[in-house]
Amino acid sequence: MLFAYYMERRQIPGRNFFDCLVTLPYMLPGTCFGIGYILAFNSPPLKLTGTALIVISNMLFKQLPTATKICSATLTQVPRAQEKAVRDLGGGQLSVLRTVILPGLKPAFLSCFVYNFSSSMTTAGVILFLIDPGRKLAVFKLFDAVYTGDYALASLIATSIILVVLAVEGMAYLITWKAGKRRVS
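Heads up: the sequence shown runs through residues 592 to 776, numbered per my numbering.
Treat the hints as calculated values from the structure; they're not laboratory data.
One thing to keep in mind: the hints can contain errors.
[Unchecked claim] For lysine to any residue, the following SDA-like pairs were computed, each having C-alpha atoms within a straight-line distance of at most 20 angstroms:
hint: 1; residue 1: K697; residue 2: V677
hint: 2; residue 1: K660; residue 2: T739
hint: 3; residue 1: K653; residue 2: N607
hint: 4; residue 1: K660; residue 2: L615
hint: 5; residue 1: K697; residue 2: A736
hint: 6; residue 1: K697; residue 2: K727
hint: 7; residue 1: K653; residue 2: L612
hint: 8; residue 1: K660; residue 2: A736
hint: 9; residue 1: K653; residue 2: G625
hint: 10; residue 1: K653; residue 2: Q602
hint: 11; residue 1: K653; residue 2: N707
Build out the structure end to end from the sequences listed, making use of the hints.
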């Protein structure tokens with residue numbers, strides 16, 4: 592959300608370059624990023640291979656183009672006059688972010704979170720390169736169960752993934768919904 596804000600509203604220099612950089616994960620195959628992450632994070636001081644942190648960072652940057660575009664589109668619906676009004680009343684940049692931008696981007700945040708979490712829970716491409724050989728993700732267990740013909744186990748794993756996704760997304764919705772109800776203007 593902050594990246595989209597700085598790209599759209601603050602008009603930083605080199606904006607087109609950063610936009611291209613953010614879109615790069617969608618332009619290149621996941622295999623390239625998997626191998627790139629292994630090469631970049633395979634030696635100290637940033638030795639992350641085999642950890643959950645490398646998987647999370649990969650999912651974060653893989654979904655960044657979608658989140659940035661959703662937030663940029665939502666920012667066009669937040670009037671600049673509201674930002675100017677906060678500044679005219681003596682509010683600083685943090686006040687503008689806290690009172691105008693972040694509340695205006697709440698629907699975009701929820702949309703981005705739902706899309707990114709759902710697609711990250713079922714991704715298999717680049718993750719293949721980033722996990723330890725001794726660990727298996729639920730998606731790979733699901734593929735193995737289907738491949739071996741154990742459809743009962745595959746159904747159980749698929750149902751478990753669906754329930755985890757629904758529970759996490761439900762909690763995110765409740766948190767954003769309750770935060771919106773408490774806000775009094």
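Here is what the structure says about each hint:
Restraint check for K697 and V677: the C-alpha separation of about 19 angstroms stays at or below 20 angstroms, so the hint holds. Using a Cα cut-off of 20 angstroms, the hinted pair K660 and T739 is violated, with the two alpha carbons roughly 40 angstroms apart. In summary, the hint linking K653 to N607 is supported, as the alpha carbons are separated by about 19 angstroms, within the 20 angstroms threshold. Among the hinted pairs, K660 with L615 is consistent with the structure: their alpha-carbon atoms are about 13 angstroms apart, no more than 20 angstroms.
Straight-line distance between C-alpha atoms of K697 and A736 comes to about 39 angstroms, which puts the hinted pair past the 20 angstroms bound. The straight-line distance between the Cα atoms of K697 and K727 is roughly 34 angstroms, outside the 20 angstroms bound, and the hint therefore fails. Between K653 and L612 the CA atoms are separated by roughly 11 angstroms; this keeps the pair inside 20 angstroms, and the hint holds. Restraint check for K660 and A736: the C-alpha separation of about 36 angstroms exceeds 20 angstroms, so the hint is violated.
Restraint check: the Cα-Cα separation between K653 and G625 comes to about 11 angstroms, which is no more than 20 angstroms; the hinted pair holds. A hinted pair counts as satisfied when its Cα atoms are at most 20 angstroms apart, and K653 with Q602 does not qualify at roughly 24 angstroms. A hinted pair counts as satisfied when its Cα atoms are at most 20 angstroms apart, and K653 with N707 qualifies at roughly 9 angstroms.
In this structure, the earlier hints numbered 2, 5, 6, 8, 10 are contradicted, and the remaining ones agree with it.
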